[in-house]
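K.L.:
Make a model of the complete structure from these sequences and hints.
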Amino acid sequence: MSQVKSPPAWPLPHVIDVDREFWDGVQQDKLLIQKCRECGRLQFFPRPACGGCFSGNLAWQESAGRGTVYSFTLVRVPRHPSFRKYVEESGQPVIFAEIELAEGVRMMSQIVDCRPEDVQLGAQVRVTFAPVPGAEFKLPKFRLA
Numbered sequence: 001m002s003q004v005k006s007p008p009a010w011p012l013p014h015v016i017d018v019d020r021e022f023w024d025g026v027q028q029d030k031l032l033i034q035k036c037r038e039c040g041r042l043q044f045f046p047r048p049a050c051g052g053c054f055s056g057n058l059a060w061q062e063s064a065g066r067g068t069v070y071s072f073t074l075v076r077v078p079r080h081p082s083f084r085k086y087v088e089e090s091g092q093p094v095i096f097a098e099i100e101l102a103e104g105v106r107m108m109s110q111i112v113d114c115r116p117e118d119v120q121l122g123a124q125v126r127v128t129f130a131p132v133p134g135a136e137f138k139l140p141k142f143r144l145a
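Numbering (this note's numbering), first residue to last: 1 to 145.
The set of hints was computed from the structure by calculation and includes no laboratory data.
Treat the hints loosely; a few may be bogus.
Once the Cα atoms are required to be at most 27 Å apart in a straight line, the calculated DSS-like pairs of lysine-lysine come out as [to be verified]:
# : residue 1 : residue 2
1 : K30       : K138
2 : K141      : K85
3 : K30       : K141
4 : K141      : K35
5 : K138      : K85
6 : K35       : K138
So the derived label-pair ranges between C-beta atoms look like this [unchecked claim]:
# : residue 1 : residue 2 : range
7 : C53       : C114      : 37 to 43 Å
8 : D24       : E88       : 32 to 38 Å
9 : P48       : E89       : 37 to 43 Å
The beta-carbon is built from N, C-alpha and C at its ideal position, and this holds for glycine as well.
P.N.:
Right, dumping it as structure tokens:
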């Protein structure tokens, strides 16, 4: 007798102390980036110290959530089963991009709700907070503006 397999789980981030505030912000529909209280530098991804002056005196600042596509790729054959299922069901590749936020920092994310041919370098994007299927968790993704 064969068993019915449940759909693969969407990968969730492993939240640790240094990025917990970032993920808590995402759950409240806020995109947060770190700001050094010593030198004023903004940074993303979350770190325990400033990448410029190495101070540990960091604060969180809400991003406007706007940016531009700095780089992107179309993932047509994803390795993770959930992404593979997404590609099979939607007939579209995963659009994985490096976004340069208006504040000047860059972050990796997915561009959603558009055709792959509509994405171009320099395209304006805006953050959206997308629920993860089957989990009470959101991820920051981007839509063309």
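K.L.:
Please go over all the hints and tell whether each is borne out by the structure.
P.N.:
Each hint tested on the structure:
In summary, the hint linking K30 to K138 is supported, as the alpha carbons are separated by about 11 Å, within the 27 Å threshold. Between the alpha carbons of K141 and K85 the distance comes to roughly 18 Å, so the proposed pair stays at or under 27 Å and holds. At most 27 Å may separate the alpha-carbon atoms for a hinted pair to count; K30 and K141 meet this at roughly 12 Å. About 22 Å separates the Cα atoms of K141 and K35, which keeps this hinted pair within 27 Å; it holds.
A C-alpha spacing of about 19 Å is found between K138 and K85, which places the hinted pair at or below 27 Å, so the restraint holds. Of the supplied pair hints, the one linking K35 and K138 holds, its CA atoms being roughly 23 Å apart against a limit of 27 Å. The supplied range of 37 to 43 Å is met by C53 and C114, whose beta-carbon atoms lie about 39 Å from each other. Between D24 and E88 the CB atoms are about 33 Å apart, so this pair conforms to the stated range of 32 to 38 Å.
One distance hint, 37 to 43 Å for the beta-carbon pair P48 and E89, holds here, with the actual separation near 39 Å.
Violated hints for the displayed structure: none, as all numbered hints are satisfied.
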